[in-house]
Amino acid sequence: MNNSLTQFLINYAPFVLLFAAGWFFGSRHERQHLAQLSIAEQELAHIIVSSERFYRPKLAADSEGELVLGSVVIAQDYFKMIIARVLSLFGKNLTTYETLLDRARREAIVRMRTEANAKGYTHIYGVRLEVTNINQLGSMVEAIAYGTAVISIDGAGSTIAHSKSSI
1 MNNSLTQFLI
11 NYAPFVLLFA
21 AGWFFGSRHE
31 RQHLAQLSIA
41 EQELAHIIVS
51 SERFYRPKLA
61 ADSEGELVLG
71 SVVIAQDYFK
81 MIIARVLSLF
91 GKNLTTYETL
101 LDRARREAIV
111 RMRTEANAKG
121 YTHIYGVRLE
131 VTNINQLGSM
141 VEAIAYGTAV
151 ISIDGAGSTI
161 AHSKSSI
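Position one of the sequence shown corresponds to residue 1 (the numbering used here), numbered consecutively onward.
Hints are computed from structural coordinates only; laboratory data are not their basis. Hints may contain errors.
Unchecked claim - Derived Cβ-Cβ restraints for the label pairs, each shown as a range:
1) Leu9 <-> Ala118: 50 to 58 Å
2) Leu9 <-> Tyr78: 21 to 29 Å
3) Leu5 <-> Phe90: 31 to 39 Å
Treat the numbers as computed from the prediction; the structure is a model and nothing was measured. Ideal Cβ placement from N, Cα and C applies to all residues, glycine included.
Start from the sequences and build out the full structure, keeping to the hints where you can.
Next up, the structure:
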């Protein structure tokens, strides 16, 4: 009996240890990324983001619009992929993929805002998001956020406050 237990541990212990390490470091990295996103979003909150397509902001003198974009590729850790595969067998919500997509969208918008901030723009309107799978497993997604950046003299709290940064 002791021999069979030893054989079981030799066969499956490395798998269990690697699985646990992957879960630990993957979850830790995701928490760190979400914390970094929150900080970056707060720092860039002065740049108003609007998905309104035909909005015409009041532009500063001698200001023209410019296309700005943010792009990111984010991979899912294997632990969450396995959980998602099991949940999909039962028709459950795949919350592991929801967090992956949320992180990708938020990171793309932060990068777009960062580009606009570097160029001195104060408003991005007509923002669109594109998200696509990179591989067939669905473990990697690319998110692209793009819009027209301008230097606006509109009040931040007046006509466009309802669409501020909640895309």
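Go ahead and decide if the range 50 to 58 Å is satisfied by the Cβ distance of Leu9 to Ala118.
-> 55 Å, holds
Quick one: are Leu9 and Tyr78 within 21 to 29 Å, going by C-beta?
-> 22 Å Cβ-Cβ, so the 21 to 29 Å window holds.
Using the Cβ atoms, figure out if Leu5 sits within 31 to 39 Å of Phe90.
-> Holds, since Leu5 and Phe90 (Cβ atoms, about 32 Å apart) stay within the stated range.
Against the hints set out earlier in the document, no violation occurs for any number.
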